[in-house]
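Read off the chains here:
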Amino acid sequence: MSWPEDLGSVHAVRPLWASAWRRFRRNKMAMAGLAFLVALVVAAVLAPWITRYGPTEGIEGAYRQPPSWAHPFGTDKIGRDVFSRVVYGARVSLRIGFASTVISVVIGLLFGAVAGFFGGLVDTLIMRLTDVFLAIPYIVLAIAIAAVAGRSEHSIIVVLGLTGWLGLARIVRASFLSLKQLEYVEAARAMGYSRARIMFRHILPNAGQPVIVYSTVLIGGVILSEAALSYLGVGPQAPTPAWGLMVSEGKGDLARSAHLLLLPGGAICLTVLAFMLVGDGLRDALDPKLI
Amino acid sequence: MFRYIVRRILLIIPTIFLALSFLFALFFVLPGDPATLMAGGANRIVDPGVVERINERYGLDDPLLVQFGDYWKRTLQWDLGESFQNRRSVNDILGDKAVNSVRLAIWATLIEVVFGISIGLLSAMRRYSISDKLTTVVTAVASAVPVFVLGFLLQYAFAVQPHKHGWPDWMRLRTQGIGPNTWTLFFIPTGQTWRYLVLPAVVLAAGSTALAARMTRGSMLEVLGADYMRTARAKGLDGHQAVWHHGLRNAMLPVVTLIGIDFGLVIGAAVLTEKTFSWPGLGSEIADSVISRDLPVTMGLTLVVVLAFTVVNLVVDVSYAWLDPRIRLGQDRNS
Numbered sequence: 001m002s003w004p005e006d007l008g009s010v011h012a013v014r015p016l017w018a019s020a021w022r023r024f025r026r027n028k029m030a031m032a033g034l035a036f037l038v039a040l041v042v043a044a045v046l047a048p049w050i051t052r053y054g055p056t057e058g059i060e061g062a063y064r065q066p067p068s069w070a071h072p073f074g075t076d077k078i079g080r081d082v083f084s085r086v087v088y089g090a091r092v093s094l095r096i097g098f099a100s101t102v103i104s105v106v107i108g109l110l111f112g113a114v115a116g117f118f119g120g121l122v123d124t125l126i127m128r129l130t131d132v133f134l135a136i137p138y139i140v141l142a143i144a145i146a147a148v149a150g151r152s153e154h155s156i157i158v159v160l161g162l163t164g165w166l167g168l169a170r171i172v173r174a175s176f177l178s179l180k181q182l183e184y185v186e187a188a189r190a191m192g193y194s195r196a197r198i199m200f201r202h203i204l205p206n207a208g209q210p211v212i213v214y215s216t217v218l219i220g221g222v223i224l225s226e227a228a229l230s231y232l233g234v235g236p237q238a239p240t241p242a243w244g245l246m247v248s249e250g251k252g253d254l255a256r257s258a259h260l261l262l263l264p265g266g267a268i269c270l271t272v273l274a275f276m277l278v279g280d281g282l283r284d285a286l287d288p289k290l291i
Numbered sequence: 001m002f003r004y005i006v007r008r009i010l011l012i013i014p015t016i017f018l019a020l021s022f023l024f025a026l027f028f029v030l031p032g033d034p035a036t037l038m039a040g041g042a043n044r045i046v047d048p049g050v051v052e053r054i055n056e057r058y059g060l061d062d063p064l065l066v067q068f069g070d071y072w073k074r075t076l077q078w079d080l081g082e083s084f085q086n087r088r089s090v091n092d093i094l095g096d097k098a099v100n101s102v103r104l105a106i107w108a109t110l111i112e113v114v115f116g117i118s119i120g121l122l123s124a125m126r127r128y129s130i131s132d133k134l135t136t137v138v139t140a141v142a143s144a145v146p147v148f149v150l151g152f153l154l155q156y157a158f159a160v161q162p163h164k165h166g167w168p169d170w171m172r173l174r175t176q177g178i179g180p181n182t183w184t185l186f187f188i189p190t191g192q193t194w195r196y197l198v199l200p201a202v203v204l205a206a207g208s209t210a211l212a213a214r215m216t217r218g219s220m221l222e223v224l225g226a227d228y229m230r231t232a233r234a235k236g237l238d239g240h241q242a243v244w245h246h247g248l249r250n251a252m253l254p255v256v257t258l259i260g261i262d263f264g265l266v267i268g269a270a271v272l273t274e275k276t277f278s279w280p281g282l283g284s285e286i287a288d289s290v291i292s293r294d295l296p297v298t299m300g301l302t303l304v305v306v307l308a309f310t311v312v313n314l315v316v317d318v319s320y321a322w323l324d325p326r327i328r329l330g331q332d333r334n335s
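One line per chain: the protein sequences are H and V, in this order.
Residue 1 is where the first sequence starts when you use our numbering, and the numbers rise one by one after that.
Residue 1 is where the second sequence starts when you use our numbering, and the numbers rise one by one after that.
None of these hints come from the bench; they were simulated from the model.
We put the CB at the ideal spot given by N, CA and C, even for glycine.
A hint or two may mislead.
[Claimed, not checked] Covered by chain V, according to a simulated footprint, are these stretches of chain H (three or more residues, beta-carbon under 8 Å):
(1) 37-51
(2) 227-235
(3) 256-264
(4) 269-282
[Claimed, not checked] Among the chain V residues that face chain H by a calculated CB cut under 10 Å, a handful are:
(5) Pro14
(6) Thr136
(7) Val271
(8) Ala287
Construct the entire structure; sequences and hints are all you get.
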């Protein structure tokens, strides 16, 4: 009973991914972004082995030191090693970025798939719901939910996960609207498959490419939003080494020790940029029509 | 066309109602008792009698549905209530802060339109030149840098450094507040006010300028390759005439949509910009009021932002439908 899918995976799916990877590899900017992200993930995983100090450990007598061999990123006003904090901060940012993007993708896929597949009243209701949430400025919503849920990493993940699915739902809905009219869906219906099976086993894999591209860019957006919420004082609490929080803590020392602000700020910027470049590269690689 | 506009307006009324009702319910479950806050703050011991009188005055002990009904009754009469913190009327706060935000937004929009579109056009017409590549890199970085990091970077370059090196005073920009706050014709700064305006306006504009440049470049490249452009050249127009008379109008269509899509982003950027430069506008006031749980201020100011957002989107959609008949006809068929 399962031979049509096996055929699909052997003859269509693998060559697509292989040729996409070939196209992606030719894109220098995207490869640079990917290399940076791989390095960042490795650094985050190996944080205890590549840093000499703990992220919250104060070093006696070393306050506000500029970058040096002993402290490549300098030290902050209570003598913590900024390099350690930035490396451990990558763990915080990546955890929040991936976890809340997963939440957004799950919600966006479900709502988008249901709206696009069933159409009619269900579709109208779901699209009106996204309109309502789009009308609320996301930053007000995020600050409000963060205030309800309390200041912690988990509540930030929930906040950003619950506010990030709107665009995804629209993209998935658009794909489902056009895909459900194709012959292979009709064939699946004729074979008596359940609607859930048709939606998630037959249509979803073909609607996956824009979702992959959008989610990659979304991770960068989430990291940017997390930094903004930390900066506004509704993100993770001190002494968590969150990059946005470090920028916020460093702003008072801008005149004397600009590195306290510029280094974590640069880390946010590079990470977001890398996700955007990889997202752009994936879009070009997965959509051969453009080339 | 008329039917399309009427239907769009009827659709945004429930959207606004549901959005604000959702926020109201959300703030209702916020921890932290507003009466205690007003009576002296969460960390001090307050007289229970005072708390009771405050609860009575603002109806804070009423059930959710009663408060909800009162809220809508007042709001429909454009009475936005008074601040829990300093008892100022929210209508007054709104009047004060909104003008400052609008002035900042006007300048940011001017920067976005002038620089974003012209940079995008130049890039598209000299594709793969050094300046085009530079534009691609700069716009990518500008969309990735957090608003507040860019703000501090510019403060460092244009205020801290000049101060350190003793530059003459007329070369220094200001980084905090709005200064003497004097204007002519509503939006042209006079006296020293411009020194306070330059940095926040540039920072607020940065993200959307980069986006506008990218969009303009992309859509202009698409237009330049279209058949009707070849026709325009074939009938004897030179390159510039073809671009100006035939290309530009079509290339601008997607950029118009950007204004609507972009608005939510601009509001987020405005909150961060105003906080970073202590600009006394709506954005920083909303953020402060949410954090200090000043419910009437948050709800009143958010109402205005939600209204502005839906109206901007309405105008964009309607003008788009007017420019492109396929949209309104397609909508008519669906309903």
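(request) Enumerate the violated hints, using their earlier numbering and listing them in ascending order. (result) 1
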